[in-house]
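Listed in order, the protein sequences are those of chains C and G. Reading the first sequence from the start, the letters are residues 1 to 290 in the working numbering. Reading the second sequence from the start, the letters are residues 1 to 282 in the working numbering.
Calculated from the structure, these hints are not laboratory results. Positions of the beta carbon are idealized from the N, C-alpha and C atoms, including for glycine. Any given hint might turn out to be false.
[Stated by the list, open to error] Distance windows between CB atoms, simulated:
#	chain 1	residue 1	chain 2	residue 2	range
1	C	R176	G	R147	37 to 47 angstroms
2	C	D184	G	L136	33 to 43 angstroms
3	G	S2	C	Q116	36 to 46 angstroms
4	G	I245	C	F113	47 to 57 angstroms
5	G	I208	C	T127	48 to 58 angstroms
6	C	G114	G	D203	16 to 26 angstroms
7	G	A110	C	A112	31 to 41 angstroms
8	C	A121	G	G54	53 to 63 angstroms
9	G	L237	C	A112	41 to 51 angstroms
10	G	S2	C	F113	53 to 63 angstroms
11	C	L81	G	L237	22 to 32 angstroms
[Unchecked claim] If you only want the chain C side, here are some residues facing chain G, beta carbon under 8 angstroms, derived:
#	residue
12	L82
13	L87
14	Y89
15	G134
16	L135
17	V137
18	V185
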Amino acid sequence: MSYYIDLAFTGLVYGCMYAMMAVGLTLVYGLLRILHIAHAAVYAFGAYVAVIVANGTGNIGVGFLAALIAAPLFGMAIYRLLYQPLLEYPPYVAMIASIGLLVFMEDGFRIAFGEQGLTFAHNPYPTRLYDFAGLTVNSVQVAIILCATVCLTLLALFTSRTRIGVGWRATVSDPRIATSFGVDVVKVRYLIFAIGSALAALGGALIGLLNNFVEPTMGFVVSYKALAIIVLGGLGSLRGTLVASLVLGVVESYGTIFIGHFLDRDAIAFLFLIAVLIVRPRGLGGVKAA
Amino acid sequence: MSAYAFSVLAIMGINIMLAVSLNMITGFCGQFSLGHAAFYGSGAYAAAYFAAAGAPVVLALFAGIVVAGLLGLVVGFASLRLRDDFLAVTTIGVSFLFVGFVRKQAWLGAEMGISRIPPSGLGSEGNALLILACALATIAFSLYVNRSWMGFAFHAVSDDENTARTIGIPASAYKLVAFTLGTAIAGLAGGLYAYFTQFIVPDSFGFIVSVTLMAMVVIGGTGSTLGVVAAAIILTLLPEAFRFINDYRLLIFGGLLVLVVRFAPEGIAGLGRAVLRMGRRR
């Protein structure tokens, strides 16, 4: 019995990481209708910055801070240099460029930092264990769940309670009318890329810490899973994305045990996606709002 | 010509077949598919399975066509319910699902793939020539379709599905036809590939292949058969030209993809049209 609870918990941890990753994707999609696959490169980039700076300074906190500063700049640069000039073309053109960037970055990481990946020099956290009523969890798993909860709650408050947040939601639902009400659409875009990238980098850095391992291909499969998640969530819906992330994390966790002998872990996610879409072609969220 | 030249020609022919058939689905009919490698792979596996079981060449190739086409028909049904980006992500899913499934099937060789594929009996030169002939036939077929009533219907569905329905074009039927035709050709390409290498593994049909094929379509200029053929030839020869720095192959591929799309978003066909326009103005 406790085995199944363990599985559910592991699934929940991965679900939280997927959520941090997928929020940026769904925001970008809502705003620009671009499937921002290079978001996975931002995720890996965050992990790399964190591990390199942490090993350089000897302080993991500084590494995370560096990742949280560098990733938004990287994300905004992707928007400015790659997507903005392609906005007038069909969205799949930008998507191909995005895939190209992911492939480029991934191979760049491999060439620059080696195929075997990097590890944190001093990382006591994954082995620091806590006991919750028979469920053994480590401190990084707790940190992932806490980070995801805090960040996503703040994001929800920000979009519903502040002027900028309301302007942002207005831009997502209708950029032309939002502009005529004085919302600076371009600023909103930069803001979304900055926040989305920071969340993805945080997710990447935390997973790097959890596995104590940062490798070039870490973003690859996560990127397509995050795509599956935002589609499951109903494309552009924040609430749907959140639900889909958690559900997928748990489904994968159990799926690997029950049907793992004829499908691998990544295929399970997509089998689930296709099964849901057959029943609900517009995803779990269904409502079209940010 | 050397054996190496023949093998490059064969790969080029296969890529042309795949890119042109994907262009029928995406370029003509507007159904974005990032799962083409799955159909290519299912054709290859079906042909390899039958060939290894002792079926004659024609029958094995036919099996590849049928299996890939049927799978395409099934995914085509998904396109009736899902539009645009939902379809794009679903086809990404098909790509991962195919590799994830094949990898775990003992009767398909699992990770090791199928390696006991008997020779086709044509020799390596004969194989390359057969592949090139099929590639030329595919190009001719694509050009013919584009000018036919079916091509017109495809374009109408691609431009605006609802309007197409209003003027009496059965959009659903045409989408299914586009998927079945395109994937059946990919299945034939897969069968030819199986006979050409006599050895197939799951990773030869992964997502990155689907992306490369879509890159050929976009770089060639979506919808333009000849542009796509040019892109398929260039993207086949480029890695061969860069073989001396094999370690950086993906880096260069990714970088080029970004640069080409960024600076020529309409592809080779778009550049060609721009040159023609400049010529006329003079």
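Evaluation of the provided hints:
| no. | hint | verdict |
| --- | --- | --- |
| 1 | C:R176 - G:R147: 37 to 47 angstroms | 39 angstroms, holds |
| 2 | C:D184 - G:L136: 33 to 43 angstroms | 54 angstroms, violated |
| 3 | G:S2 - C:Q116: 36 to 46 angstroms | 37 angstroms, holds |
| 4 | G:I245 - C:F113: 47 to 57 angstroms | 19 angstroms, violated |
| 5 | G:I208 - C:T127: 48 to 58 angstroms | 36 angstroms, violated |
| 6 | C:G114 - G:D203: 16 to 26 angstroms | 22 angstroms, holds |
| 7 | G:A110 - C:A112: 31 to 41 angstroms | 34 angstroms, holds |
| 8 | C:A121 - G:G54: 53 to 63 angstroms | 58 angstroms, holds |
| 9 | G:L237 - C:A112: 41 to 51 angstroms | 28 angstroms, violated |
| 10 | G:S2 - C:F113: 53 to 63 angstroms | 39 angstroms, violated |
| 11 | C:L81 - G:L237: 22 to 32 angstroms | 28 angstroms, holds |
| 12 | L82 | 6 angstroms, holds |
| 13 | L87 | 10 angstroms, violated |
| 14 | Y89 | 5 angstroms, holds |
| 15 | G134 | 33 angstroms, violated |
| 16 | L135 | 30 angstroms, violated |
| 17 | V137 | 29 angstroms, violated |
| 18 | V185 | 21 angstroms, violated |
The structure shown violates the earlier hints numbered 2, 4, 5, 9, 10, 13, 15, 16, 17, 18.
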